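Given only the sequences and the hints, what does the whole structure look like? Please build it.
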Amino acid sequence: MEFKLDEDLVRFAVDYALSRGAKYAEARLQRDATKSYIIRNGIPEAVGISEEVGIGIRVLVDGSLGFASTDKWNDKEAIKSVIDDAIKIAKAHKLGDETFTEEPSYIAKVFIEPKINPENIDSSEKFNLLMELDKTIQTAHEKAKYPNRFMNIRETLMQKIFANSDGTLIVSATPRIAFFVFFVAAANGGFDTRFIERGEARGWEAIKDWKLEELLKEEAQSLARVLIEGKEPPEGVVDVVLGPEVSGLSAHEAVGHPYEADRILGREGAQAGESFVDPDMLGMKVGNEVLTVIDDPTIPNSYGFYLYDDEGVKARPRFLIRNGVITEFLHNRETAAKFGVKSNAAARASAYDREPIVRMANTYILPGDMTFDELIEDIKLGVYIRTFGEWNIDDLRYNMRFVGKEAWLIENGELKHLVRNPILEITTPTFYKSIDAVDKNIEFYAATCGKGDPGQGVPVFVGGPNVRLRNIRVLRR
Amino acid sequence: MLGINELLNLAEEAIKAFEKIKLDGYAVMVTSKLSRQVRFAANKISVTKTWDETNFSILVEKNKRISAFSVGYASRNLIPKMAQLAIKAIMKAPPREDYAPLPEPADKYPSIPAEMDKTLLDQPEKLLDLAKNAIDTGLQEGAKKIAGTILAEAYNFVLVTSAGFRDGNSLSNVYLDVRAFMAKEATGHASIASRTVSGINAKEVASIAAHDAKLSENSKTIEPGKYNTVFTIDATASLMNLVGGAASAYAVDAGFSFFIKKLGTQVGPENLNVEDNPLDSNGYRIRNFDDEGVPTKRLRIIENGVLKTYLHNRFTAKKFNAEHTGHAGWVFPHAWELTVYPGDVAWEELLEMIGRGLIVSNATYIRFQNYIEGTFSAIIRDGVFYVENGEIKHAVKGLRLSDSMPRILQNIIALGKDRRQVFHWWLEEGIPVITPPMAVKEVGFTKAFA
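So the sequences go chain by chain: A and B.
With this note's numbering applied, the first sequence has no gaps in its numbers, which climb one by one up to 477 at the end.
With this note's numbering applied, the second sequence has no gaps in its numbers, which climb one by one up to 1450 at the end.
Worth flagging that the hints you see were computed from the coordinates, not collected in a lab.
Values in this document were obtained by computation on a predicted structure and should not be read as measured data.
Misleading hints may appear alongside valid ones.
A partial selection of chain A residues facing chain B, derived with a Cβ cut-off under 7 Å [what the hints assert, rightly or not]:
{"hint": "1", "residue": "V53"}
{"hint": "2", "residue": "S69"}
{"hint": "3", "residue": "N74"}
{"hint": "4", "residue": "E77"}
{"hint": "5", "residue": "F127"}
{"hint": "6", "residue": "L129"}
{"hint": "7", "residue": "F195"}
{"hint": "8", "residue": "Q271"}
{"hint": "9", "residue": "N392"}
{"hint": "10", "residue": "I426"}
{"hint": "11", "residue": "T427"}
Glycine is no exception: its CB is placed at the ideal position from the N, C-alpha and C atoms.
Listed below in structure tokens is the structure:
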């Protein structure tokens, strides 16, 4: 059966759940159609096509939350069967005291139209592009070899129709396109590896705008130059400037995640973890005036774009930190009820078979008005980390680490030479307290954020300008 | 859930759609699965979930070109159109140099040592009981908060290939993952996996988690540097996942592996033996044929410390001029279920062997700086303890595991004798592991600047 954004099925599911005793019910019929074009070491490997369609239903019954899904989305008996199952199990555990916030109801349609539909681009053009890009990497640097290369173009169309028992009905269609590359550089007797990802909620026009040939040439040259020219970084306490790729990641990992209210409440305690942030930290000063961190799902064409979340709440920018002060956490209707606030539309589900949980969308540090030269001009000794390789952060989001990939020694206000693998291992409070300036050169990067159990990878942007941190310890590998 | 015969009929129906496009080869896998999950946090059940899914995974081949597509049960009428699209999309690309046809079925397959545990279908309340048991045990053992996950899957699946393979199996699996809290930084964790609900010992893992959480109170900071270290069963399972991932010939070919050019070399001490075994009767991931219809087998990846083989599908076997090892996944070869051979050393002896050192109970968020060198760091949590003369002196906070996998494998001093099967979705490579704990000398640890 061809997929149709048919409201009858979601209304049927909601009504049936209510008739079986649910106090609240929501249903989301979702289709994710994906095409991937993969080449490895210059040879087209495969085309991958997937068509994931199904209906996910969430019920609140006797204070307990149940979720069920089926891919037999056009079979009302199958829908009834999983709803019955969800309600039976939710009733059986009799431990719940869950409530949801009351929110306005909406009836809306959000359709994003690509300028160039990837369906209209012949697959040979896509493979030719990837093979040309592969050659670009291989010939990027005369003193380097690139023995392993892997590339993928992924096109997705996500269509959803959502209804809940409050009367909300949202219909949406969001195209996304992404490019992913991994390559190994061999030079000067050593090896190094690099991942790069680009993605937007657009059509094929994004591929052209990303200027991939230029990007890959620069990045492949950069990796070779690090191997050939990179020297030991300074070790000890110095000033550090982080490029947008790194500052954006820090905003996502060390502000966005710990400000997720479900983490703060311990709901993700099993594995994803809790948060070093407590509810009473709202209003606390955690950084300099120059530090503002925003999570905004409404940025047009962004990889994490949406206008209504997966609980039917209308999206808006969330100012997590404004001028150095914590102003807001990320909420869905479940966590907002516990905090006594309204949801700020952070509920997202990665597919029809996943429950909506608190997620980020596009998290970034607000740029300032300085130039990059002004940012580094008074640094006597420091390190500029433009890109990163290894990174991780503990489950409380308190103790983070980034290892530079392309990084430079800053000496007397100038970039002097490349350095290899400078390590920034630092606590979150110290990191944000140490930012004293940001420049105006904001950039956004696509990423896939993982959370939940079973895992839910959702598309996000991470972004920021170049940021300067004073008196930070840098380690060598 | 649909039965094996129904799934075979569905596969045959799908194959009829290929007649018009004259394929050189195809493989159709149809899986029907019922999954249930109970999640708990802060001492109560937070959500229960049920999934009902029937999915087609289809590989089509023509003139040495390959496309793969997947579609759900309700959209199966799209299969003819998707097959045409999939072939059309790949035909303008050059042929694969590593192409090898789907293998002929073997004369004999190992017998499946087990079947589906129907408790998962008929008695979902038993999963609630496991959750309650874990919460109650953890609290009785003195923890303040318990969180965790139970995920149970019962499934039928079939594979039909153009080379003549046609078979299916009926299986199940369950895991329980428990985390105990005394405070934000005083936590413990353990997990257990099994084919059956009855194989899940909630008391055992909840007790370990609560015990480690209590021991983690009043933690102290110590200097970063090199420490002899005992990795618990759970932490060893996390690291051995990386071994399974690096052994895939695909990872080797794509540059994702620290085993590149290491075949036949000593990658660990003589007492290190790591096997892939999808035929264990209580295994979390049992298979007697792979996704190309090749028989699976017990296969020693590391024997007496020597890397004996990579894991191959038909393409990598051709490219590496090696034998197919029965590890074809849908896209790339992978390990099914790792077994690390136990040593003969009791837990207490492991602690004594390291002298002054650390116990690491959980390693997560593992990220490589350089895949080929295997340099990485990992978050360590849920019980990091400083040990002297075989005794735990105090809990440790603020350290990060920062080393390389080749060095850790080479530096294994001893393997414990007690084993447990571990699986949870946070394992980096998604490979179930049956492993003992291990002691490793001079492991690198770093510390955050504050």
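Results for each hint:
At its closest, the beta carbon of A:V53 sits 5 Å from a beta carbon of chain B; the interface hint therefore holds under the 7 Å criterion. At its closest, the beta carbon of A:S69 sits 5 Å from a beta carbon of chain B; the interface hint therefore holds under the 7 Å criterion. Evaluation of the A:N74 hint against chain B yields a held restraint, the C-beta minimum of about 5 Å falling below 7 Å. For A:E77, the shortest C-beta to C-beta distance to chain B is roughly 11 Å, which exceeds 7 Å, and the interface hint is violated.
Using the Cβ-Cβ criterion of 7 Å, the hint placing A:F127 at the interface with chain B is satisfied: the shortest such distance is roughly 4 Å. With a least beta-carbon distance of about 12 Å to chain B, the hint placing A:L129 at the interface is violated under the 7 Å criterion. Restraint check, A:F195 versus chain B: the minimum CB separation of about 10 Å is more than 7 Å; hint violated. Given the 7 Å rule on beta carbons, the hint for A:Q271 holds: about 5 Å separates it from the nearest Cβ of chain B.
Satisfaction of the interface hint for A:N392 is found here, the shortest Cβ-Cβ separation to chain B being roughly 4 Å, below the 7 Å cut-off. The beta carbon of A:I426 is positioned within 7 Å of a beta carbon in chain B (closest approach about 5 Å), and the interface hint is therefore held. For A:T427, the shortest C-beta to C-beta distance to chain B is roughly 4 Å, which falls under 7 Å, so the interface hint holds.
Violated hints, in rising order: 4, 6, 7; the structure is consistent with all others.
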